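Chain order of the listed sequences is V and G. In this text, residue positions in the first sequence follow the working numbering: the first is 3, and each later residue adds one. In this text, residue positions in the second sequence follow the working numbering: the first is 700, and each later residue adds one.
By construction, these hints were calculated from the structure, which means they are not laboratory data. Please read all numbers here as calculations on a predicted model, not as lab measurements. Backbone N, C-alpha and C define an ideal beta-carbon position, used for all residues, glycine too. Any given hint could turn out to be false.
[Said to hold, decoys possible] If we take Cβ atoms under 8 Å as the criterion, some of the chain V residues that face chain G in the derived model are:
hint : residue
1    : Ile8
2    : Val44
3    : Trp52
4    : Ser61
5    : Gln75
6    : Gly82
7    : Trp83
[Stated by the list, open to error] Cross-link-like lysine-lysine pairs, in silico, DSS-like; alpha carbons within 25 Å at most:
hint : chain 1 : residue 1 : chain 2 : residue 2
8    : V       : Lys84     : V       : Lys95
9    : G       : Lys1176   : G       : Lys1040
10   : G       : Lys1063   : V       : Lys84
11   : G       : Lys928    : V       : Lys144
12   : G       : Lys1065   : G       : Lys1040
13   : G       : Lys816    : V       : Lys84
14   : G       : Lys867    : V       : Lys140
15   : G       : Lys928    : V       : Lys140
16   : V       : Lys84     : G       : Lys1065
One letter stands for each residue in the lines below.
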Amino acid sequence: MDRQQIGLKLTVDGLNLPFQIDTFEDRLILQKAVYLAQAAGVNLGYYYHWYLHGPYSPSLTQDEYAIGYELSQDLDDSEGWKLDDESTGRLEKLKNLIPKSNRPELRRKLELLASVHFLINRRQVRQNDAREITETLKRFNKDFSEEEVQNALRELIDYGLLAA
Amino acid sequence: MVSSQHDDSAKHVVDSIHGNIHLKEREVKVIDTPSFQRLRQLKQLAMAQLVYPTATHTRFSHSIGALATMIRILGSAEENGIPFEPEEKENLRLAALLHDIGHYPYSHLMEKVDSIKLIEEEVEGAPPTAKAIDTTRSKYPEHEEVGELIVTGQDDLVKAIGGGERAKAVADIFTRSKAADAQLSKLIHSSFDIDRWDYLLRDSYATGVPYGHIDLNYLLNNLKVSPQKVVGFSDKALPAVEHFLLARFFMHRVVYYHKTIYGMEEACRQLLRRLRDRDGEHYGVPTDGEAVKNLVTSRDLRMFTDAFVDNIIQRAVDDEDSVVRALANSIQSRKPPVLLKKVLVCEETENQYHAGKWFIQNCKAKLRNLADEFQIPLQQFLLCEPKSTIVKRHKGPTFGQAAQMKPDQIKEKAFEEEGEDIKIFVGDDEEPTSLMDIEHSLVVKYANYFFQMFRLYVIYEGEDKEDVVTQLGDKVKSWDKAE
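If we strip away everything but chain G, and leave its shape as in the complex, we get (with noise of 0.2 Å):
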């Protein structure tokens, strides 16, 4: 643990991860607001809890976390002799405190109830009227355009943070629309993500799950800041580079994605959806991103809680649709949808065959038989397919083809991208070099692969639970093979 620096500070919290973190007068006001205290309603890992019972952080601790590693970033950057107004670098930190505010009960599961296919769209055999993509509906929008939205329109928050005006430039942080400074722009864009830092070690020590201990001192020691304002690592931190690239791919593989948890998150996004698109009654579900960009920017923010969708839950056990009660009763009783078939995929990503891909070709084909033969309904069937990546190699030149490259073509490389990319200071390099091209990088050869879990999941609570459920994994076990 570390302490955080601590010149001209109001007040300090004591943090399990970073040690104790020394906050400004106007951080701590920020804090009290009860737009910001929300966030202690709101669990960091939405249902992971239902499998691992400590896992009950929140996004209020994340967010301190968040300012804390960005007090240490910037720390570098000055040691680098990178020199910041006062106020730019108070709304940096801002900034980081308030990255989060705008998450969404159980976080990314409702935010995505858009992207979520059902069942009966995918399966063959599905009428035409429900393959329809009607995008003159407002999707509900990401959680930056919420947060932004939360800081610009909450008084209590406006006022905390010193006006409108300020509130709007703290905002243009975390959302990235800063246009004014492309230097500042390049630093926060290439800052390697102070959220990822701060949660995976978090989610490591509350879940007890040991893959998440990245090394972040000795990452926080060998950060560095170009005179380009671009942030990377000495190259003697590869290794801390790498395990941190790994920690979060094992994380993903055994939390994340773990398969009861995601089973239920998954049967929670569908209910949500379900409940939101039907004619009948929506139990609050908020019926287009319009309906939530009225609700965050009201009153009713407050209650914009895990509880909010856990009372949705509750109501909709007694609903009259039993499809909508079974979705309901499986999160609220715990009573997981049963996993009937996973299929595990590790391929070099041009790979055009794997077994993944017969699976799902098998289960458009196959699943409405099934259904109506185990007289089951079909949208009681959770078709899920998570894909992780340890690095992710965007389309470009390779380290050969760079090497070869005019200054004029390297311009012309995904700058964009380069956004997402470590970069990686080489010996006394003014200005840092990508990841992907460190050629003796063990992860880098992983930049090829990706991994990914087929799953299929029944909901089903009769009597003969047992003997269905082993009869429907005789059917499936062999859907993995070409026919």
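Extracted from the complex, chain V is given alone in its bound form (with noise of 0.2 Å):
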């Protein structure tokens, strides 16, 4: 693993979440939790383009296949690294936006919170607007409701990954 994996290994600890990569739904559940981890501060240096499915990085997918291939072969690299303090406490305070509920629930409550976030930061629609982030989900095929996208929104200026 290089550095950058490494932190990457270490963020995904530090959410709690497995390092599990082997449906789709995985691999977007990671995606995603790691778009609202840099969100928050935790600088892992990936960036995030737009895809069916939200916020999308290309190269975290070959940094996820990477480390899942050295983890299968018994080789763990990021052992012995650690986080500095101030990520470990902003990834211990976003753990309490990922519900500890069923993989598909938690799924769909990353993917509305990255896309979200996504939109608003690169200006593609405004904030204030929920109706249009709504829309906008909806072209997408994404059946999330207006009532949703607004507690989306306010979970996101409540945990400080949007302004208020």
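Using the hints, put the two standalone chains together into the complex.
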């Protein structure tokens, strides 16, 4: 693992998520969780694009596979490494935003939070217009209601990921 | 060579790969900006010219080549009855032209400084303080993000593109931020990467290494766009597609991962990382991602060329730190790091035990003692492990499993990863299928394999260099075996 991959592994560990990449759902959960960690100030250096399921980083996917391969070989280069205290604290706080629910619910929640943040952060929509955000998501066949979008906006603000 | 379409063109340029490329007035204005002209000072292949003397081509020519490829893709889309609004088409062309505008000096070499591990962090016995990841420090942004900052933040480009709103629309395309149109998004993501089409041919032409000569014309002539705006190839072009994938693999093996080029570039990466992170003189190496962002949005962008790094190397040659001096001298005097041992591995991805794994483990366990024994600073040993595959198989349903899937299960497949997949139109099918699902494809059979080069270099320029290198080579020659 290179430094960026070690940082990634430690971040996923810090969020109490399993480093699981077997299914599309697994990979989506990791993509969106890392997106939110970066939005919270844990700088891992992954740049996200907009894909059909919201923010997505191809280089993160590559690193996920590289780490997954090493873990399958009983190698974990992140052992003995640690994140700085400030980032550890940020992940600790962010953990509360990640529901301890079943995987489909977790996926849905993370996809919504990350997508809403991305659209606002990249100036694709206005932050105060939940309807516009909902409509944009509908174009990508996402059935998030306006109420869910409003809740996501509130949570993103509460956790300091968006300015009030 | 082909001639790109030339309706209402303002100027044409002659290109060694694509022939005549007809440019529109706005594209000429963009090319004529100082921000775009900077690309003339960025070598496409970084340090490859130290081995292949004619590999001096630039991001500038590649960017115009990418535009030529986009023109052909748009032509093909229209032939397939996929209409574009004039502005949408113009923006796609500009996005192709500007897709590499954010590259760093020496490209990926500098961009990846944050990923570099230092040898003293890797070997056994490293102090815990060395094994700390500081994620509060902003990382160097990826070149696409830098590109967005330049396109929307440099006045010359904003003006040439036609204003801030238009500049953002163009940047949204090449950064793939655009969320307004799901169909357009699919077209961009599935367009088989205009980047690679051009660079394989251009790199091959410039280096004189023939492996990258893909059959671009045949690929382009067999390009199809589905009603869902997914780009793919007619199945009769399958051999050309497979050849493209093999060409990419061999260019990696022979050029991009060449032992001398890779060793020199690794020395430079290490040099930049060490200068950036130390308390003393940085010689202008940006200290973090914010410093990079400030630089590329200022007038200093014009100096952010290969010469920017050359100047750092030049100054570091006389540094007070002997490791910094050794790294800088190696590059400046073209005395490449000496390869002590290489372990080439071609294995199935699931294989848990191979020589490369033992080699890395032995290096981590024994390198510190070896460095002490020969009184060479540990930091002058470079451990590299570049890896490549012909085609990647993402975990997911196999061909047989997919055939059993229900439509709603198919929707659950990795759409995002499919964006990087190659699509083939089988027979008269309206929508294409993944190359990975073509059972008779030769390259798909290779998807279960990876190729990796494990290498240990040393930088040492003592008068007894020949003897020392021979002795070091003897010491490490059995490090690829389990003990």
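Structure-based check of each hint:
1. Ile8: Holds, about 6 Å.
2. Val44: V:Val44 check passes; min Cβ-Cβ to chain G is 5 Å, inside 8 Å.
3. Trp52: Because about 5 Å separates V:Trp52 from the closest Cβ in chain G, which is inside the 8 Å limit, the hint holds.
4. Ser61: 7 Å, holds
5. Gln75: 5 Å, holds
6. Gly82: 5 Å, holds
7. Trp83: Interface hint status for V:Trp83: holds (4 Å vs cutoff 8 Å).
8. V:Lys84 x V:Lys95: 17 Å, holds
9. G:Lys1176 x G:Lys1040: Within the cut-off at roughly 7 Å; holds.
10. G:Lys1063 x V:Lys84: Distance of about 19 Å is within 25 Å: holds.
11. G:Lys928 x V:Lys144: Judged against 25 Å, a Cα distance of about 19 Å means the pair holds.
12. G:Lys1065 x G:Lys1040: Distance ~14 Å between G:Lys1065 and G:Lys1040 Cα, so the pair holds.
13. G:Lys816 x V:Lys84: 14 Å, holds
14. G:Lys867 x V:Lys140: 23 Å, holds
15. G:Lys928 x V:Lys140: OK: G:Lys928 and V:Lys140 at ~18 Å, within 25 Å.
16. V:Lys84 x G:Lys1065: 24 Å, holds
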